[in-house]
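Can you make the complete structure from the sequences, with help from the hints?
Below are the chains, spelled out letter by letter.
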Amino acid sequence: MRAVRATAGAEVAEATGAAEVRIVSGGRVRGMGVFLVLLAALAILGFVLRVPAKAHATFLLTAPPAISVAPLTMSVRWTAGVLAVLCGALGVLLVVRRQQRGAYLLFGLGFALFLWAFLVWAARGAQLNFVEMLVTTLISTTPLVFGALSGVMCERSGVINIAIEGQFLAGAFLGAMIGSVSGDLWLGMLAGAVAGGLFGWLLAFLALRYAVDQIIVGVVIVAFCTGLTNFLTEQVLTPDQTTLNSPQTFAPIAIPLFDKIPILGPVLFDENIFVYLAAILLVVVHVGLFRTRWGLRVRAVGEHPRAAETVGIHVLSVRYRNVILGGVIAGIGGASFTIGSVGEFSSEMTAGLGYVALAAMIFGRWRPFGALGASLLFGFSVSLQSFLAVLNVGIPSPFLAMAPYVITIAVVSGLVGRVRPPAADGAPYRRE
Amino acid sequence: MRLELAGITKRFGTLVANDHVSLTVEPGEIHCLLGENGAGKSTLMNVVFGMLRPDEGEVLVDGEVFRPSDSGEAVRRGIGMVHQHFMLVPLFTVAENVVLGFEPTRRTGILDRRRARSEIARLSEEFGLEVDPDATVESLPVGVQQRVEILKALHRDAQVLILDEPTAVLTPQEIESLFAIVRSLAASGRSVLFITHKLKEVMAVADRITVMRLGKVVGTTTPGESDEGGLASMMVGRTVELVVHKEPAQPGRPVLRLRNLTVADERGAVAVDGLEIDVHAGEILAVAGVQGNGQTELVEALTGLRPVVSGSIELDGTDMTGSSPEEMLRAGVAHVPEDRQRDGLVLAMSVEDNLVLDVYNRAPFARLGSRALDVVHANALEKLSAFDIRASSVESPVSALSGGNQQKVVVARELSREIKLLVASQPTRGLDVGSIEYVHRQIVAERDKGVAVVIVSSELDEVLALGDRIAVMFRGRIVGVVGPETGREAIGLMMAGSGAGAEDVGPVVPAGGRAPAGARAGRESS
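Line by line, the protein sequences give chains B and Y. Each step along the first sequence adds one to the number in this note's numbering, with nothing skipped, and position 124 is 124. Each step along the second sequence adds one to the number in this note's numbering, with nothing skipped, and position 426 is 426.
FYI, nobody ran anything at the bench for these hints, they're computed from the structure. Bear in mind that the values here come from a model prediction, so they are computed numbers and not experimental data. A hint or two may mislead.
[Claimed, not checked] Which bits of chain B does chain Y cover? Going by a derived footprint, with three or more residues having C-beta under 8 Å, they are: (1) 291 to 301; (2) 311 to 322.
[To be verified] With beta-carbon atoms standing in for the labels, derived distance ranges: (3) Val-284(B) to Glu-125(Y): 34 to 44 Å; (4) Asp-213(B) to Arg-115(Y): 33 to 43 Å; (5) Tyr-104(B) to Leu-368(Y): 54 to 64 Å; (6) Gly-352(B) to Ala-386(Y): 53 to 63 Å; (7) Asp-157(Y) to Val-92(B): 50 to 60 Å; (8) Arg-362(Y) to Trp-201(B): 45 to 55 Å; (9) Asp-213(B) to Ser-370(Y): 30 to 40 Å; (10) Val-212(B) to Ser-324(Y): 30 to 40 Å.
[What the hints assert, rightly or not] Here's a subset of chain Y near chain B, in silico, CB distances under 10 Å, partners left out: (11) Asp-70; (12) Ser-71; (13) Gly-72; (14) Glu-73; (15) Ala-74; (16) Val-75; (17) His-83; (18) Leu-91; (19) Val-99; (20) Glu-103.
Backbone N, C-alpha and C define an ideal beta-carbon position, used for all residues, glycine too.
Okay, structure coming up:
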């Protein structure tokens, strides 16, 4: 009740002051600029000055089934040097410009340049298959996209779904088991979806019917799913591993002709069904949310449920539906862990990626394609870590393995920027 | 369309919120429903909109019994509501807000934005409701947001329009244009039910007036048959005094000096913009302005709740810039906050504890690190009689008290210290007339003791009644400081940003000892 009042007050304040808003603290943009300059300095110190003049790095750009392309060989010192200077220049630009608009784009560009310089350095005197790296990135990204879309579905309607991790586990477990027992992978995927949907319903039921704190319900669901799948794995799956936990995995589906495109072909057009499904869902959720009647109503419910109610929208049914659908999406994402790649369920195999997906959604500002961008970043850091381990760059692998989680903490703690969640996110709704 | 309420009764436990309420709104009529906060107006509207079921009585639309089960049904039946707190999604565009719930779509289910836009253009033109359909609602001034609310109702083809306290957040000029819109709606044959507690508005706009008190209809009249005084006594059940008694101010030394004070809001945008003013001992400076022009931030800066970006706050010769709330409090600043339930009280705690929130850890209320509960209790009993607080017991939670008594608890606590400066924000919002008089008397008494007083109020009546000087704020600046004899019209213009007023007239001694007022209660805190 009071929250509604406070919001109304804020609206008024914003409305009256909106004509000319002078921002006093432009600190964040400057901070991003300084950060880029520091990265550039690091790159020059580490990747330029301390590298032998003749060191070269080779990026392989070919992977089957694409048409082969000549590898790219670069002088480490020169390439890293130029990239570092560009990165630093972008940083200076940010500091000088101090405008909000386009700042994130410039920052992203600068960060990408730094990463490139880093890769060149890491691959000095060796070969790095860049295409394989992208393929790994996409594979690690896929479950995150499902998870983040699940989050978008729930939170846009005003319910926080912190239970994505649990829905992942449930989907992965049931997907593997049903897929294995029936021998039908589609049935496995369906089972994963049902498992996720079921826990989505549980979240909705407790959060909407009894107005239990959504964060607490979410945490409890994760704990429950973890415990249950651990127990069942040990007691049921492991004793009868061959029948119960040995599903096939979906084979990649190559899209004729497109898969021959250099670099992009193997990355985008020779993937398994989960990747394509994620892509389709992305578009569907995006168009649905921002172009249709359904989406307008969902967003209204997430922003100002009372306003939605006064025009005859049933707030709770919209929320129920979205939270269950969100659960279904997370369940399918969970199934991708088992019948999409590994081919068996193992305890806690999702390794906290449900939370990473949640962070990706926040980083992506509750928008499907924003979440995709953030998921790609996380996916890339996972891929980077596995490739760097092979290249033996002298950074202990546990540190590299930390990368996605460090990024998650940075994102959630707001380092990347203050973000604006749906106004009614997490607030239980009661009719007056 | 004719809307008829026949003998509506609604009980909540032992409380009868509506007691056989009957009224009829005829087509083409502007019908004002007048009543104090708590008179049962909101309950009645919730019945019409299906949010509540009446225990007895019926709602009739064009003579047919109408029992809505939710607000959507009422809307479909042609009843539209313009809510006091706008029911608009701030991030949506005007068009999106207007069509929400009744969206035109193409066959594929995709929103038909073009049709929405042309529909809005048509309605805007017909009723003179100018608004850009593609503007984001949160970027619009409040008056325009209200037009969006009205458009929303018209888009659903509302034949009965209910406006709930529509003028609470408007400037006098915006109120005038609202009246014009309301009249054109009535002229088009629609029925308008205008809910308010402001007598002036009722006299200006009503065709017929129904007055409610304590859940009952006390009478129906017309502006021609009645006057403000008569309506006021119907509303409160006795003859009320429409003035605050006070002697001319005797301003002394400057107690509060603000120099180039700049304060930012949550987003880091400038909310208070280089403010300069002195407030003297023994005078009341009333800060007028439409909500959201920096008053809240100013008060929070004065009480140490919000950091100062630049400039200085000097209290009785000491620089207090950047002091914490506790330091401000110890330096003699008393604060009656805008939202007493959020910032003034801990609702779940007892009356006696709320009375010592500021000094609970000091002698005599604490000894050797442990609270002296007997002293706290004795203190509470004493304050209860001194400040006329009606509570069943001092141990009961403060949330059990009525709004007026809650406010008295805040006032009692803040005035029990040795103070130099009293900062009171919307001190009478949502209070009944009796409590308003009481709070006003206390404020004037403090002034007469030599305390410097800053009152922030969006009620022009209150500002005029209490202020020895009136500072009008617009977009974070003081656009003028004037005396209380200044006309409402001039102050209204200043509230809308035109700096027509005098720049700084210094402490002004009001011509008479009396100011017109009544300060007809704050807005309803729903």
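Consistency of the hints with the structure:
1. For a cut-off of 8 Å, the count of residues in the region 291 to 301 of chain B with a CB near a CB of chain Y stands at 8, and the three-residue condition holds.
2. Check on the region 311 to 322 of chain B: 4 of its residues sit with their Cβ under 8 Å from a Cβ of chain Y, so the three-residue criterion for coverage holds.
3. Against the hinted window of 34 to 44 Å, the Cβ-Cβ separation of Val-284(B) and Glu-125(Y) comes to about 38 Å, which satisfies the hint.
4. As the Cβ distance of Asp-213(B) to Arg-115(Y) is approximately 42 Å, the hint placing it in 33 to 43 Å holds.
5. Under the hint 54 to 64 Å, the C-beta atoms of Tyr-104(B) and Leu-368(Y), about 56 Å apart, fit the expected range.
6. Take Gly-352(B) and Ala-386(Y): their Cβ atoms lie about 60 Å apart, and the range 53 to 63 Å holds.
7. Evaluation of the 50 to 60 Å hint for Asp-157(Y) and Val-92(B) yields a pass: the beta carbon distance comes to about 59 Å.
8. Checked against the given bound of 45 to 55 Å, the beta carbons of Arg-362(Y) and Trp-201(B), roughly 54 Å apart, stay inside it.
9. In this structure, Asp-213(B) and Ser-370(Y) meet the distance hint of 30 to 40 Å, their C-beta atoms being roughly 34 Å apart.
10. Hint check: Val-212(B) to Ser-324(Y), Cβ distance near 37 Å, so the stated range 30 to 40 Å holds.
11. Interface hint at Asp-70(Y): satisfied, since its Cβ lies 6 Å from the closest Cβ of chain B, which is below the 10 Å cut-off.
12. Evaluation of the Ser-71(Y) hint against chain B yields a held restraint, the C-beta minimum of about 5 Å falling below 10 Å.
13. Contact between Gly-72(Y) and chain B, as hinted, is supported at the beta carbon level, the nearest pair being about 2 Å apart and thus within 10 Å.
14. Evaluation of the Glu-73(Y) hint against chain B yields a held restraint, the C-beta minimum of about 7 Å falling below 10 Å.
15. Annotation: Ala-74(Y) was flagged as interfacial toward chain B, and the flag holds, the nearest CB pair being 9 Å apart, inside 10 Å.
16. The restraint placing Val-75(Y) at the interface with chain B holds, with a minimum CB-CB distance near 6 Å, inside the 10 Å limit.
17. Hint status for His-83(Y) relative to chain B: holds, with the closest Cβ pair at about 7 Å, below 10 Å.
18. Annotation: interface hint on Leu-91(Y) holds; nearest CB of chain B at approximately 6 Å, less than 10 Å.
19. Interface hint status for Val-99(Y): upheld, as the beta-carbon distance to the closest one in chain B is roughly 8 Å, under 10 Å.
20. Checking Glu-103(Y) against chain B: minimum C-beta separation of about 4 Å stays under 10 Å; hint holds.
The earlier numbered hints are all upheld by this structure, with none contradicted.
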